[in-house]
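Chains as they are written, first to last, in this note's numbering: chain E, 800 to 1288; chain A, 2 to 61.
None of these hints come from the bench; they were simulated from the model. Everything numeric in this text was worked out from a predicted model, so none of it was measured. Mixed in with the good hints there might be a few duds.
With a cut-off of at most 25 Å between alpha-carbon atoms, the simulated DSS-like pairs for lysine-lysine come out as follows [stated by the list, open to error]: (1) K11(A) with K1037(E); (2) K59(A) with K1242(E); (3) K52(A) with K1242(E); (4) K1037(E) with K1050(E); (5) K52(A) with K1028(E); (6) K55(A) with K1028(E).
Pulled a few chain A residues facing chain E out of the computed Cβ check, cut under 10 Å [said to hold, decoys possible]: (7) H15; (8) V16; (9) V39; (10) Q42; (11) Y44; (12) N50; (13) H61.
The C-beta atom is built at its ideal place from N, Cα and C for all residues, glycine as well.
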Amino acid sequence: MARLVILGAGVAGHTAASFAEKWLGKEHEVVVVTPNAKWNWIPSNIWVGVGEMSKEEVTFDLAPVYAKTNITYKQAKAISINPDGSDKLNKPFVTVEFTGQGKEGTSEEVEYDYLLNATGPKLNFGATPGLGEGSQMGEHTVSVCTADHAVHASHELDACIEKMKAGERQKFLIGTGHGMCTCQGAAFEYIFNIEHKLKERGVRDMADMTWISNESFLGDFGMGGLHFKMGGFITSSKVFAESLYAERNIKWIIGAHTNKVEKGKITYESLDGSIDTQDFDFAMLIPPFAGVGLKAYAKDGSDITDTLFAANGMMKVDADYTPKPFAEWEPTDWPKTLQSPAYDNIFAAGIAFAPPHPISKPMKSPNGTPITPTPPRTGMPAAMMGKAVAASITDMMKGKTTEPTHHSSMADMGAACVASAGKGLLTGTAAAMTVYPVVPNYKKYPGTGRDLDYTFGEIGLAGHWIKHILHHLFIWKAKLKPGWTLIPE
Amino acid sequence: MNNQVDANHKHVQHVEPYSPQSGTMIAGGFQKFLRTCVLFQFYRLLAINVKMMKVILKSH
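Chain A extracted, bound-state conformation (with noise of 0.2 Å):
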């Protein structure tokens, strides 16, 4: 892999052209730091588990 990519191709570069994986959307630098960011992750802790107690409460 060409370690020289710029920013906006780097997590793109492993995709062939006219390949399923070149009709998709693929995540960039930012969407990556969000996932494992761990102040962000946090809140979304707490988010996602309301919305699960909500589908808990509504199924039991």
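Bound conformation, chain E alone (with noise of 0.2 Å):
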């Protein structure tokens, strides 16, 4: 019997870990180490920070669900690979400590034959000075990364609205919080809800809006953008992007790099070297993103993390990371098969894999400040690696290959989208998108990089109904209910 050590029970994660258990059953051992007691459907978060869903319509308890299958459910964090053993033990393991499960605070050493890092990201607000601390959100702004955080969010804005009413005009102030930021989307999907929702409590006159962001163009999204066919003509998500912000009167602020966050303002630096300030009364800004600083040793005890992750802390796989410019990448930079160059046992998925570069074009300020979107890795990706992996993973365990036996590279993999502009059965809106491929390839599709047959955007109120399906779709596929594997990743 050999064991798959699973780390998160994410997107990624819980995907793997829920074909793994089904294609291994009781022959092999599937163990998922997380330090959350609950999944997170973290899409519908945005809704959770406007008031339109509770936690508990976006949560569930993962002990159950892992409870009806064969997998090892441990609620811990992860703290150190050793994938060598060490001096006491021979097989490699994982260095966990419990957060729940009666066993706070307690440590194991989890052996293990195949390892999946899952963890998804470190949610690095300590990057910018006020914005928090480590992974702890700050006291200036509000988050939607955790339905928690949303909570949080959602009481921030009822009380803004509540100035309104009272005759106060209220600054807003959504997108994110530091050059390097991904997760462009989620902000975007944000700073419309909170617009649909002051016109339905009738004070949006007595708010301004702005976005920050550091894409270089609107509609950017940390991929580039995208084009599509639109009225005859192929249409640069840009001007797709510019049009709704104009249309509701959201003004926009790119190219940004937030710096500092204190009590009701940022300072942020420009592509153009210049450096401004922003005034706000509510503020949401995305942190940067991180691996979660795993540590790793070999067996004799000294520190090989430099061996198995990347300086930002996420894990190394079978990309091309040598430097080179825009204008040298290629799509086969990407991996295809997730799995580490030192060790053909570990593999990440999600956002725990270090991309070889970003997808969208490097930018700097004369001062030398990097500010560029860092790549995406949405639900659709992630799920889709997840398995791949795990089926990688399941034929290697059962002995039929040593070489991983699944591909999924975001070069050769679409993915869809869908952007929330406000919730409401009849007056809602979301964006439905899909691009194929994720990272651009432009001598294969040039001019735009991706395939126009597979690529295209609207917004309209079929959009909102299809993320609200796709919320109770997704929860069902994750509770593993019945016929869960119908649903596509």
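Bring the two chains, given one by one in their own frames, into a single complex with the hints.
The following block contains the structure:
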């Protein structure tokens, strides 16, 4: 019997665990290690953040779900990896520290035959002074990155609405809190959901709304934007995005690195090197992501973290990490098998793997400050990676092969995204988009980098219905309810 | 906001001249109507689902 240990129970990790357990049956063991007691359908945190959903509607307890499978669930955070064992243990193992199950604070060394790092990101609030400390959000801004953050954000939003009802104008600032952030899409959803909510509550005219992000153009979304056919034209997402912001009277600041957050004010540097400030009464600024901070040790106890992890704490996989300029980037730079080059039995999926470079063209201010979106790893690609890695590991565990059998490159897959612009059964809208491939291929698809037959975007009520349907479908799938395998990633 | 503005300018009256907002296209009344017209959006629901399934199948 072999053991697969999966770190993380988010989209990538939980998908991998679910399929691996199904394919391996009782013959082998699947262990999930996550510090969280609950699973969170993160895309719907936006609606929690505007008071349209409760925390209970976007989360569920993991223990009962895993209890109906053969998956061993450890509510613990991973601290370090010993890929060659130690002087006491010959097998490779992960050191974990429990955060629940009545064993809080206790450590365990969990041996593995195969390891999947699917921890997701560290929310690196501490990267921007005033935004927070370490992975803890500060007091000046709100967040929608977790369900608890979103609940807090909705209460702060309600307080602002009450002020506006009393005649006091409020300034809203939404976007990214650092020059190297990703997840612009989530911030996009939040600003438009707030705007929709303010209109519903009859106070929109008392609000000044501003977007701030590190994108060099609106509609970049961390993937260099996209193009699609619209009204006989091939249109950039820049036009699409600027149109929506202008229509909804949201001003925008782009090419910005937020470098300081204080009560009611941020300071930011722009791509032209200028330094400016922006006041706010309510601000949601996405933090930059980093790896969760796993360490790695050799058998003799020496630190080999650099062998497994990139400088940002994300795990190196089969990508081409050779530094090269934008003009030399190739789709083949992106990993296919997500296997560690150092250890055949270690993989990483979702946000946990280290990308070879951004997707958007890197930009720097004249002061040398990098102001570039980092690559998004959205739900569909993350789940597809999790499933593909699970399939490879399953084949390896069953002895069918010594090499990964499944590929899952962001340069060979598409993504379907639905960005809410306001919730309401008959009044809501969302931008439904598909992009193929996620990583643009300018040689195969000159001019746009994407296949125009598989890349599109439009906004409307249909998009909102789809997002709401997907909310229920993916929670059903994650709960491993009947037919869950029929719901595609 | 001036509620007496004609239909042509109703949707752009908030735009300041020479601002970044003035340099893009802004949806007018009919376009906005279509976005939440249940009948039209039901047709778009089917069309979008077909497009999404094509991408999902191509990616798997």
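Right, here's what the structure says about each hint:
no.	hint	in the structure
1	K11(A) with K1037(E)	holds (24 Å)
2	K59(A) with K1242(E)	holds (19 Å)
3	K52(A) with K1242(E)	holds (24 Å)
4	K1037(E) with K1050(E)	holds (14 Å)
5	K52(A) with K1028(E)	holds (13 Å)
6	K55(A) with K1028(E)	holds (16 Å)
7	H15	holds (5 Å)
8	V16	holds (7 Å)
9	V39	holds (7 Å)
10	Q42	holds (4 Å)
11	Y44	holds (8 Å)
12	N50	holds (7 Å)
13	H61	holds (7 Å)
The structure shown violates none of the earlier numbered hints.
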